[in-house]
Structure formats: C-alpha cells, structure tokens
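Residue numbers (our numbering), protein chains in the order written: chain A, 1 to 119; chain B, 1 to 109.
Everything labelled a hint here was simulated from the structure, so no lab data went into it.
Quick caveat, the model's predicted, so the values are computed rather than measured.
Do not rely on the hints blindly, as some may be mistaken.
Footprint (simulated), chain B over chain A, 3 or more residues, beta carbon under 8 Å [what the hints assert, rightly or not]: (1) 38-49; (2) 106-115.
Coverage of chain B stretches by chain A, computed from C-beta distances (three or more under 8 Å per stretch; other residues unrestricted) [unchecked claim]: (3) 73-86; (4) 97-108.
The C-beta atom is built at its ideal place from N, Cα and C for all residues, glycine as well.
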Amino acid sequence: DTAVSQTPKYLVTQMGNDKSIKCEQNLGHDTMYWYKQDSKKFLKIMFSYNNKELIINETVPNRFSPKSPDKAHLNLHINSLELGDSAVYFCASSQDSTGAGTSPYNEQFFGPGTRLTVL
Amino acid sequence: DAKTTQPTSMDCAEGRAANLPCNHSTISGNEYVYWYRQIHSQGPQYIIHGLKNNETNEMASLIITEDRKSSTLILPHATLRDTAVYYCISKTSYDKVIFGPGTSLSVIP
Chain A
1 DTAVSQTPKY LVTQMGNDKS IKCEQNLGHD TMYWYKQDSK KFLKIMFSYN NKELIINETV
61 PNRFSPKSPD KAHLNLHINS LELGDSAVYF CASSQDSTGA GTSPYNEQFF GPGTRLTVL
Chain B
1 DAKTTQPTSM DCAEGRAANL PCNHSTISGN EYVYWYRQIH SQGPQYIIHG LKNNETNEMA
61 SLIITEDRKS STLILPHATL RDTAVYYCIS KTSYDKVIFG PGTSLSVIP
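So that you can see chain A by itself, here it is in the shape it has in the complex:
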C-alpha cells in the first residue's frame, strides 16, 4: 500500500488556468505538508497542516490555497497559474503533532511528487 499518494503525477497546463493537486496519506499521521522543488532542486516548505488546521504558511502567493477536508487529505489548489509555478510539488506527512519540533517521531514521509508545467 502506498503510504503517501499524490495525483496527478504530471500536470501540464496553460498560464492563467486553475488547477488542483490531491494528496492522501494512509499512515494515520496528524500532520501534512506541501513542498515545492524548483528547477534548481531546492526543496522549500509551503504549508503545514495539523489535524486539518493550518500551522505553517510560508511566504507563498495567495493564489495557492491548501485545503484539508480531513487529516488524511491535504489538497493544493492553485489559481491563475504563472510560468514561475512550474516545479515539482511534494506532499508529506509526519506523526508528530506536539508542536515542539524536537520529537523523535518527526520523520516525514513524502509522496512521489507532481510535476507541474505551466506553458
């Protein structure tokens, strides 16, 4: 069974369109994340949700809106897509929800990624 799954794996779209990427984890984890990996391969956190509540919101344009219908799902909706949004987007989850950031159970499990190409 896939622990963290994302759909779609590839997404090619035109500038200005609105698109969504879905993420599901079957690990029973409390915390889920979205990361963006650009062409230079830097992996940057975008959002983090703990039990459906937003806990980390990095400096991300408000065209990006995460939605967590339940703690097993964290979807990413992107409005008015721009060329610079082209990247690989990774979803992840972790067990720790203490907020201390120092728990030994803080390992994150990543999905396979969604490669978004904006034309």
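Here the structure of chain A is known, so what remains is to put chain B in place on it, guided by the hints.
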C-alpha cells in the same frame, strides 16, 4: 535554529563505505539531526536521525560528535542504488524542516 553545511558532491566506489559529513555548529541542545535522501525524480526518503548518541538502522549509521557540532552519515557498503542527493536537516520551530542543497553522492561501479 541550526543551519547545516554539506559538501556539494562526493563520489564513492561501489561496495565501499560512503561517509557523508555535515556541519551544524549552531544546533541547539534539544534539536535532533535528521538525514534524508532523494533519488532522482522521487520524493525524499527518511534515513535516520539522532540527538547525541550514535545511531544505526538497516539503511545507515549516524555518528554525532560529542560537541554535536557535526555528524557523519555512513552507508557501510554503497551500491549503485545509493546514488542520490543526501540532506542533513536543519530544524526550526514546529516541524518546519529546512532542506539545504544537500550532497550529491555518486556511487561508481
């Protein structure tokens, strides 16, 4: 918050031990050191973590210096499938994980 520095790239002969260093000289006393790797086109994969003591699991060993200012990830018998980018993680508050550029390890036949 700890910041980490790693060499940009390393080579290792297949079957030999790969020793990947990481400096984290500003790490605080209760912060863990985590290692992840990313094989080409895949999501990052957790390898190991530690606080003060050396750790070993089925994937690797982690050696942390006594002053905790640096650590070394050891892959005891590197295989071609270990070719990947290895990240030594800097932790900030509340699960925010900062991935640096990592070390690109090439295992050579």
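8 Å C-beta test of the stretch 38-49 of chain A against chain B, three or more residues: holds (count 6)
Proximity test - 8 Å, beta-carbon atoms, the stretch 97-108 of chain B to chain A, at least three hits: holds (count 4)
Check of the stretch 106-115 of chain A against chain B for coverage (Cβ-Cβ below 8 Å, three residues minimum): holds (count 8)
Outcome, coverage of the stretch 73-86 of chain B by chain A - at least 3 residues whose beta-carbon is closer than 8 Å to one in that chain: With 1 residues closer than 8 Å to chain A, the stretch 73-86 of chain B misses the three-residue bar; violated.
In summary, the one numbered hint that this structure violates is 3.
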